[in-house]
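Line by line, the protein sequences give chains A and B.
Note that the first sequence ends on residue 430 in our numbering; no numbers are left out.
Note that the second sequence ends on residue 807 in our numbering; no numbers are left out.
Be a bit skeptical, because a hint or two may be false.
Below, computed lysine-lysine pairings styled on DSS-like, alpha-carbon distance capped at 30 angstroms [said to hold, decoys possible]: (1) B:763 with A:198; (2) B:613 with A:262; (3) B:750 with A:374; (4) B:571 with B:779; (5) B:637 with A:201; (6) B:509 with A:369; (7) B:634 with B:613; (8) B:763 with A:224; (9) A:374 with A:198; (10) B:596 with A:262; (11) B:634 with A:224; (12) B:571 with A:374; (13) B:750 with A:201; (14) B:509 with B:763; (15) A:369 with B:763; (16) B:613 with B:584; (17) B:502 with B:634; (18) B:634 with B:509.
Listed below are several chain B residues computed to face chain A (Cβ distance under 7 angstroms; list not exhaustive) [what the hints assert, rightly or not]: (19) 526; (20) 596; (21) 600; (22) 601; (23) 619; (24) 623; (25) 626; (26) 706; (27) 714; (28) 732; (29) 745; (30) 750; (31) 807.
A few chain B residues that don't get close to chain A, going by computed Cβ distances all over 10 angstroms [claimed, not checked]: (32) 582; (33) 595; (34) 609; (35) 715; (36) 781.
Since the hints were made in silico from the structure, they are not lab data.
We treat Cβ as the ideally placed atom computed from N, Cα and C, and that holds for glycine.
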Amino acid sequence: MGWAIAIHGGAGDIPLSLPPEKRLPREAGLRRCLEVGIAALKARNHPLDVVELVVRELENHPNFNAGKGSVLTTSGTVEMEASIMDGKTMKCGAVSGVSTVVNAISLARLVMEKTPHIYLAFDGAEAFAREQGLETVEMSHFITPENIERLKQAQEADRVQIDYTQPIQKETPKDAAVADGDSQIGTVGCVAVDNEGNLATATSTGGLVNKMVGRIGDTPVIGAGTYANHLCAVSATGRGEAIIRGTVARDVAAVMEFKGISLKEAAAYVIDRVPPGTAGLITVSSTGEITMPFNTTGMFRACATEDGYSEIAIWDSPSK
Amino acid sequence: MGGWAIAVHGGAGVDPNLPKERQEEAKRLLTRCLDIGISALRSNLPAIDVVELVVRELETDPLFNSGRGSALTENGTVEMEASIMDGPKRRCGAVSGLTTVKNPVSLARLVMDKTPHSYLAFAGAEEFARKQGVELVDNGYFITEDNVGMLKLAKEANSILFDYRVPTLGTCGVGAALESPILMNGLPISVYAPETVGCVVVDREGRCAAATSTGGLMNKMNGRIGDSPLIGSGTYACDLVGVSCTGEGEAIIRSTLAREVAAVMEYKGLNLHEAVDYVIKYRLDEGKAGLIAVSKKGEVACGFNTTGMFRGCATEDGFMEVGVW
Numbered sequence: 111m112g113w114a115i116a117i118h119g120g121a122g123d124i125p126l127s128l129p130p131e132k133r134l135p136r137e138a139g140l141r142r143c144l145e146v147g148i149a150a151l152k153a154r155n156h157p158l159d160v161v162e163l164v165v166r167e168l169e170n171h172p173n174f175n176a177g178k179g180s181v182l183t184t185s186g187t188v189e190m191e192a193s194i195m196d197g198k199t200m201k202c203g204a205v206s207g208v209s210t211v212v213n214a215i216s217l218a219r220l221v222m223e224k225t226p227h228i229y230l231a232f233d234g235a236e237a238f239a240r241e242q243g244l245e246t247v248e249m250s251h252f253i254t255p256e257n258i259e260r261l262k263q264a265q266e267a268d269r270v271q272i273d274y275t276q277p278i279q280k281e282t283p284k285d286a287a288v289a290d291g292d293s294q295i296g297t298v299g300c301v302a303v304d305n306e307g308n309l310a311t312a313t314s315t316g317g318l319v320n321k322m323v324g325r326i327g328d329t330p331v332i333g334a335g336t337y338a339n340h341l342c343a344v345s346a347t348g349r350g351e352a353i354i355r356g357t358v359a360r361d362v363a364a365v366m367e368f369k370g371i372s373l374k375e376a377a378a379y380v381i382d383r384v385p386p387g388t389a390g391l392i393t394v395s396s397t398g399e400i401t402m403p404f405n406t407t408g409m410f411r412a413c414a415t416e417d418g419y420s421e422i423a424i425w426d427s428p429s430k
Numbered sequence: 483m484g485g486w487a488i489a490v491h492g493g494a495g496v497d498p499n500l501p502k503e504r505q506e507e508a509k510r511l512l513t514r515c516l517d518i519g520i521s522a523l524r525s526n527l528p529a530i531d532v533v534e535l536v537v538r539e540l541e542t543d544p545l546f547n548s549g550r551g552s553a554l555t556e557n558g559t560v561e562m563e564a565s566i567m568d569g570p571k572r573r574c575g576a577v578s579g580l581t582t583v584k585n586p587v588s589l590a591r592l593v594m595d596k597t598p599h600s601y602l603a604f605a606g607a608e609e610f611a612r613k614q615g616v617e618l619v620d621n622g623y624f625i626t627e628d629n630v631g632m633l634k635l636a637k638e639a640n641s642i643l644f645d646y647r648v649p650t651l652g653t654c655g656v657g658a659a660l661e662s663p664i665l666m667n668g669l670p671i672s673v674y675a676p677e678t679v680g681c682v683v684v685d686r687e688g689r690c691a692a693a694t695s696t697g698g699l700m701n702k703m704n705g706r707i708g709d710s711p712l713i714g715s716g717t718y719a720c721d722l723v724g725v726s727c728t729g730e731g732e733a734i735i736r737s738t739l740a741r742e743v744a745a746v747m748e749y750k751g752l753n754l755h756e757a758v759d760y761v762i763k764y765r766l767d768e769g770k771a772g773l774i775a776v777s778k779k780g781e782v783a784c785g786f787n788t789t790g791m792f793r794g795c796a797t798e799d800g801f802m803e804v805g806v807w
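Okay, chain A solo, but in the shape it has when bound (with noise of 0.2 angstroms):
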């Protein structure tokens, strides 16, 4: 059977013309997160171990919208959000509004073992991480130029944007659910599973550009942009509201459980019920499948399997 890894930096509407300045550093970047996976589980990492450090890479890299490169509030500040999820004993942790804590998917993760709560926020996560003693530093360490230029033009064109990969075009974009700014793409997650089959998840973003000081997303909802259970484990991204409302992560265990379908079927039948160019999914199973479909333009992703096959895409491919 063997263990099996995907990652993803992020569904949206990620044009085909993508130049390569956007396209390259993000490849190598998914490139070298998945090496990292695949390290930890040729070197018997537990899965929820794996996740956790393939999340924190993708945090610290600031081309994805998660941690360092976290999309801006319309205040111009940094909140995060992330969550994790054992999926042999269902423990899950989750937190949001970070925004000096280096690390949200490793706050998560304490919030998980090291209380008697799955969810912590704001204030009370801040001073939770620092009695932890994670790393903190001042919020301005996450924010980038391209961030900053983002809100710019979101506040410009007074929208929510979802989508932090292209500036805000001026003429009216064709799809009726982009018209007030909402592509979508941003966060970043990981899934694997061992060769014993035991899976985890987990996921971290900024949120969406410009977004309502206090918002919460999909990503820190168990259920919504993250699951984990003996059959999968599921990493959600796209349009957070969308995501919260189709239970994504979840229905596609429900799906795989009641209906008695594969995963590749439960995952396309999940992201179909959702609006158009609204999400996107990784998922493994217990038995080393993997899939990664989405109903956005592109999606950010990578996998690898055991028996040596490996993908790095952005746009439609053969094995989606």
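Fit chain B to the known structure of chain A by using the hints.
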């Protein structure tokens, strides 16, 4: 369609030795809230308006753990959360970390109706509340003497109290809890269910809605979010069903309990009662929780694996029941 139906709850997990007077008080409140909902349904108010109306009533009354009468955080303050969901298009709204908003469920409704988002929390939510001009009060308004006393006991026991009136193993008082602490999430906390409140409604048009509101766990960490504001966990509504849950928040989240009821109906074809029984029996493991649910056909059901759940339900054909056990 099968006519309207409504259910309300005031928390799962009740002390078998709860004084009769408290039981009667709770039943009176549940009856009053049911009556409010029933009047609204008879005037053809849509389900989404009815659930908000009823939960506002529950929040305003200090008896249960929501709005006024909320459980206290470790710092002795109140942090409230709520969510609401409208079945037909699965629109939803949620709030967490509220400290001055008199009716959290109404702010959740405003998030759903007036923002491009689904969930606002803490300072951002309070700022939104200010801008919307909703009724704001001092944090002290929500704090009752009873709960100040309970927090003290909880700290002495160094545990998280779900409900001070629920002893473990059928014996009386917090003392028993100290002698035989039950583990939750691997850490020693007493197993008591909080008196979260909720309401589910299906109106004459077959539209389902659900809403849940709470102050959370006694002695919780500041910033702790439970299941009540999480769509799919504490609250869920779609074309088929409306669900509101109460009990051990962490167990409800892990099992995405509210969504589970709808999922087994949708994907396994179970009817409402079968779905509720299945979910309570098989999805909670050692977790303690309860839920109320209505279906678009006008059915109502509740289920719980705790020693009791404060609840009431009624259907258009005249059925009405308020209960604790």
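A quick look at each hint next to the structure:
no., hint, result
1, B:763 with A:198, "holds (19 angstroms)"
2, B:613 with A:262, "holds (23 angstroms)"
3, B:750 with A:374, "holds (19 angstroms)"
4, B:571 with B:779, "holds (17 angstroms)"
5, B:637 with A:201, "holds (26 angstroms)"
6, B:509 with A:369, "violated (41 angstroms)"
7, B:634 with B:613, "violated (36 angstroms)"
8, B:763 with A:224, "holds (29 angstroms)"
9, A:374 with A:198, "holds (21 angstroms)"
10, B:596 with A:262, "holds (23 angstroms)"
11, B:634 with A:224, "holds (23 angstroms)"
12, B:571 with A:374, "holds (26 angstroms)"
13, B:750 with A:201, "holds (26 angstroms)"
14, B:509 with B:763, "holds (26 angstroms)"
15, A:369 with B:763, "holds (20 angstroms)"
16, B:613 with B:584, "holds (15 angstroms)"
17, B:502 with B:634, "holds (25 angstroms)"
18, B:634 with B:509, "holds (28 angstroms)"
19, 526, "violated (26 angstroms)"
20, 596, "violated (11 angstroms)"
21, 600, "holds (5 angstroms)"
22, 601, "holds (4 angstroms)"
23, 619, "violated (20 angstroms)"
24, 623, "violated (21 angstroms)"
25, 626, "violated (22 angstroms)"
26, 706, "holds (5 angstroms)"
27, 714, "holds (4 angstroms)"
28, 732, "holds (5 angstroms)"
29, 745, "holds (4 angstroms)"
30, 750, "holds (5 angstroms)"
31, 807, "violated (28 angstroms)"
32, 582, "holds (14 angstroms)"
33, 595, "holds (13 angstroms)"
34, 609, "violated (7 angstroms)"
35, 715, "violated (6 angstroms)"
36, 781, "holds (20 angstroms)"
In terms of the numbered hints stated before, the structure departs from hints 6, 7, 19, 20, 23, 24, 25, 31, 34, 35, listed from lowest to highest.
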